[in-house]
Amino acid sequence: MKISREDVVRVAELAYLDLSEGELETYRKQIDEILEYIGKLNELDTASVAPMTQVLTDDQASDATLREDLVVPCAVAEDVLKQAPDPEAPYFRVPKVIER
Amino acid sequence: MTANWTIDGVREALAAKKVSARELAGEFYKRIEGRNPELNAYLALSQERARRQAEKIDAMVAAGEELPLLAGVPVAVKDVISTRGVTTTCGSKILEKYVPPYDATAVERLEAAGAVILGKTNCDEFAMGSSNENSAYGPVKNPICTKLVPGGSSGGSAAVVAAGLAVASLGTDTGGSIRQPGAFCGIPAMMGSYGRVSRYGLIAFASSLDRIGPLATNVKDVATVLQVIAGRDPLDSTSATAAVPDYAGGLGDPVKGLRLGIPKEYFGEGMDAGVREKIEAGIEVYKKLGCELVEIRMPHTDYAIATYYIIATAEASSNLARYDGVRYGLRVEADSLISMYRKTRGAGFGAEVKRRIVLGTYVLSAGYYDAYYLKGQKVRALIAQDFRDAFLKVDAILTPTSPVPPFRLGERTADPLQMYLADIYTVTGSLAGVPGISVPCGKTESGLPVGLQLFGPAFGEARVLQLAHAFEQAGGVSL
Numbered sequence: 403m404k405i406s407r408e409d410v411v412r413v414a415e416l417a418y419l420d421l422s423e424g425e426l427e428t429y430r431k432q433i434d435e436i437l438e439y440i441g442k443l444n445e446l447d448t449a450s451v452a453p454m455t456q457v458l459t460d461d462q463a464s465d466a467t468l469r470e471d472l473v474v475p476c477a478v479a480e481d482v483l484k485q486a487p488d489p490e491a492p493y494f495r496v497p498k499v500i501e502r
Numbered sequence: 046m047t048a049n050w051t052i053d054g055v056r057e058a059l060a061a062k063k064v065s066a067r068e069l070a071g072e073f074y075k076r077i078e079g080r081n082p083e084l085n086a087y088l089a090l091s092q093e094r095a096r097r098q099a100e101k102i103d104a105m106v107a108a109g110e111e112l113p114l115l116a117g118v119p120v121a122v123k124d125v126i127s128t129r130g131v132t133t134t135c136g137s138k139i140l141e142k143y144v145p146p147y148d149a150t151a152v153e154r155l156e157a158a159g160a161v162i163l164g165k166t167n168c169d170e171f172a173m174g175s176s177n178e179n180s181a182y183g184p185v186k187n188p189i190c191t192k193l194v195p196g197g198s199s200g201g202s203a204a205v206v207a208a209g210l211a212v213a214s215l216g217t218d219t220g221g222s223i224r225q226p227g228a229f230c231g232i233p234a235m236m237g238s239y240g241r242v243s244r245y246g247l248i249a250f251a252s253s254l255d256r257i258g259p260l261a262t263n264v265k266d267v268a269t270v271l272q273v274i275a276g277r278d279p280l281d282s283t284s285a286t287a288a289v290p291d292y293a294g295g296l297g298d299p300v301k302g303l304r305l306g307i308p309k310e311y312f313g314e315g316m317d318a319g320v321r322e323k324i325e326a327g328i329e330v331y332k333k334l335g336c337e338l339v340e341i342r343m344p345h346t347d348y349a350i351a352t353y354y355i356i357a358t359a360e361a362s363s364n365l366a367r368y369d370g371v372r373y374g375l376r377v378e379a380d381s382l383i384s385m386y387r388k389t390r391g392a393g394f395g396a397e398v399k400r401r402i403v404l405g406t407y408v409l410s411a412g413y414y415d416a417y418y419l420k421g422q423k424v425r426a427l428i429a430q431d432f433r434d435a436f437l438k439v440d441a442i443l444t445p446t447s448p449v450p451p452f453r454l455g456e457r458t459a460d461p462l463q464m465y466l467a468d469i470y471t472v473t474g475s476l477a478g479v480p481g482i483s484v485p486c487g488k489t490e491s492g493l494p495v496g497l498q499l500f501g502p503a504f505g506e507a508r509v510l511q512l513a514h515a516f517e518q519a520g521g522v523s524l
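Chains A and B supply the protein sequences, listed in that same order.
462 is the number that my numbering gives to position 60 of the first sequence; each next residue is one higher, with no gaps.
57 is the number that my numbering gives to position 12 of the second sequence; each next residue is one higher, with no gaps.
None of these hints come from the bench; they were simulated from the model.
It is possible that part of the hints are untrue.
Covered stretches of chain B (in silico footprint by chain A; criterion: 3 or more residues with CB under 8 Å from a CB of chain A, positions within the stretch not fixed) [said to hold, decoys possible]:
hint, stretch
1, 189 to 201
2, 269 to 282
3, 362 to 373
4, 382 to 395
Non-contacting residues of chain B with respect to chain A, defined by C-beta distances greater than 12 Å in every case (computed) [what the hints assert, rightly or not]:
hint, residue
5, 96
6, 101
7, 140
8, 240
9, 322
10, 378
11, 423
12, 434
13, 437
14, 456
15, 460
16, 461
17, 478
18, 479
Under 8 Å between C-beta atoms, here's a sample of chain A residues computed to sit facing chain B [claimed, not checked]:
hint, residue
19, 403
20, 442
21, 446
22, 491
Where is the CB? At the ideal position from N, CA and C, for every residue including glycine.
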């Protein structure tokens with residue numbers, strides 16, 4: 403077994419996910435099987451391989467050169483707040499943070 | 046009214062005043078009314094927006110102006126792509142009522158070219174899935190046979206084109222999500238190289254893998270739509286500076302003498318016999334076209350699924366952190382901020398999304414990062430190298446798109462890993478960043494569509510499109 407119920411509980415906390423007991427066990431089992439499968443990567447010796455952190459090289463991507471630091475208009479606040487569950491312009495209102 | 050419209054057909058009919066853009070849009074909305082309840086391919090219709098655009102095009106026709114490339118062409122857009130003023134749900138409850146205040150660059154470019162956006166298509170939730178059964182709004186049915194899945198995650202985008210409910214559509218591809226539904230619904234479908242099309246406005250799943258791409262009824266239309274949406278965008282720092290050639294114009298270039306790589310690793314066991322038969326027939330078509338078939342090795346193919354499900358889920362866990370009920374989307378009320386986050390995400394996300402967030406968070410967490418994520422990044426480099434090595438010897442790589450023909454709804458939902466393994470032929474190219482197209486390659490004995498996939502080198506879309514076009518012209522699509 404690669405992943406325990408405690409592992410899933412810890413990870414769900416990190417990811418701010420409320421999971422039911424049933425979900426916890428179902429995901430644990432499924433992810434355990436997936437992690438077992440993923441273990442095959444250990445068949446490969448990658449000690450001298452550089453990780454592929456970017457897909458495009460610097461000269462291929464569009465921000466290869468620095469741009470001027472220009473201020474451009476960005477009057478989106480009103481449109482954005484229209485979507486908010488509880489707006490109090492210009493803020494997003496949320497429940498207060500309670501210290502643990 | 047023609048049943049099967051193409052982009053050329055629409056433009057010709059408009060110019061000859063045989064039909065107006067408004068009439069055409071109206072015709073498609075009538076078809077949608079008739080067929081969408083069964084297929085569940087459209088989630089939202091944008092009649093107002095479509096009408097305004099159609100009027101604009103009709104005014105241009107009346108004024109005798111030159112018509113842009115996609116003038117009056119009815120198109121559909123996958124619901125993970127932002128459309129100003131039109132709900133964009135990503136197939137999720139957490140964005141059920143979300144209306145973006147802006148258009149994705151790809152959408153802007155479609156409209157600037159005259160396209161009439163009919164509506165948003167159903168998809169697997171946050172583009173996570175291979176059958177469109179993970180949508181919070183119900184599955185999409187395959188128009189070829191409604192007991193079958195249309196593929197995923199761009200199942201809706203493929204279904205609407207196959208059913209004549211749009212002339213072309215935009216889908217997104219992260220591990221195969223444009224190509225595989227294209228194959229399952231019997232239409233050509235393409236992803237350009239990573240960075241070929243701007244991701245600005247594409248609601249992110251995996252930022253180093255996501256791509257927007259076209260689906261249509263024929264290769265020329267795929268090429269035309271790609272041409273319209275491709276190109277550098279200052280709003281997406283990962284968009285490529287490479288120039289966009291005339292993809293549609295270059296289609297007729299001869300393919301005789303081009304070398305096609307047949308990778309041994311894609312033709313082993315695990316491929317359905319019906320699929321194999323059609324792909325082998327497809328290979329014969331290329332031989333008759335004068336292409337040279339070269340057997341190649343891509344030794345890290347077998348590790349692609351494992352690599353993909355580490356990297357994609359890790360990136361997803363990061364990208365989906367923003368759905369917290371604060372600024373947009375669903376909010377479940379709670380006494381504390383943290384509780385609000387947890388309840389909102391618990392209630393708003395479906396099972397597949399939660400599973401991937403848990404897996405992705407795990408492989409990034411302290412103590413596991415090196416063993417999983419870093420390892421995955423290194424194997425990704427090896428897979429990308431396999432492609433670069435292959436393209437020293439061949440001009441394109443030929444594989445099946447999917448190891449299996451379209452399966453029945455519910456057939457693979459019990460076992461996530463089984464579903465993941467069906468992506469084996471598509472995720473490789475996703476990881477490597479190369480372009481790939483699926484072109485129809487006939488049907489199995491039981492009438493199920495088969496797709497043939499071609500990969501090209503980075504920014505080699507023109508070559509891939511030429512080869513697909515030649516195949517189509519040679520009758521390969523109805524083998």
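Hint-by-hint comparison with the structure:
Here's how the stretch 189 to 201 of chain B fares: 0 of its residues keep a CB closer than 8 Å to some CB of chain A, so the rule of at least three is not met and the hint is violated. For the stretch 269 to 282 of chain B, the assignment as covered by chain A holds, since 5 residues bring a beta-carbon within under 8 Å of that chain's beta-carbons and 3 suffice. Counting residues of the stretch 362 to 373 of chain B whose C-beta lies closer than 8 Å to any C-beta of chain A gives 7; at least three are required, and the coverage claim holds. Given as covered by chain A, the stretch 382 to 395 of chain B passes the check, having 11 residues with a CB less than 8 Å from a CB of that chain where 3 are the minimum.
With a least CB separation of 22 Å from chain A, residue 96(B) remains clear of the 12 Å interface cut-off, as annotated. Taking the minimum C-beta to C-beta distance to chain A, about 23 Å, the non-interface status of residue 101(B) holds against the 12 Å cut. Look at residue 140(B): its CB is around 10 Å from the nearest CB on chain A, not clear of 12 Å, so calling it non-interface is violated. With a closest Cβ-Cβ approach of about 5 Å to chain A, residue 240(B) is found to fall inside the 12 Å limit, against its non-interface label.
With a minimum CB-CB distance of about 29 Å to chain A, residue 322(B) clears the 12 Å threshold, and the non-interface call stands. At roughly 8 Å from the closest C-beta of chain A, the C-beta of residue 378(B) falls inside 12 Å, breaking its exclusion from the interface. Chain A draws residue 423(B) into its interface by the beta-carbon criterion, the shortest separation being 4 Å against a cut-off of 12 Å. Annotated as non-interface, residue 434(B) keeps its C-beta farther than 12 Å from every C-beta of chain A; the closest such distance is 14 Å.
Annotated as non-interface, residue 437(B) keeps its C-beta farther than 12 Å from every C-beta of chain A; the closest such distance is 18 Å. Every beta carbon of chain A lies more than 12 Å from that of residue 456(B), the smallest distance being close to 17 Å; the non-interface claim holds. With 12 Å as the threshold on Cβ separation, the claim that residue 460(B) sits away from chain A is violated: the shortest Cβ distance comes to roughly 8 Å. Chain A draws residue 461(B) into its interface by the beta-carbon criterion, the shortest separation being 5 Å against a cut-off of 12 Å.
For residue 478(B), the non-interface assignment is contradicted: its Cβ lies about 4 Å from the closest Cβ of chain A, within the 12 Å cut-off. With a cut of 12 Å on Cβ distances, residue 479(B) falls inside the contact zone with chain A, its closest approach being about 10 Å. Among the interface hints, the one on residue 403(A) is violated; its C-beta lies about 14 Å from the nearest C-beta in chain B, farther than the 8 Å criterion. The criterion of a C-beta within 8 Å of any C-beta in chain B is met by residue 442(A), whose closest approach is roughly 6 Å, and the hint holds.
A least Cβ separation of about 6 Å between residue 446(A) and chain B falls short of the 8 Å threshold, and the interface hint therefore holds. Below 8 Å, beta-carbon pairs count as interface contacts, and residue 491(A) has none with chain B, the closest being about 13 Å; its hint is therefore violated.
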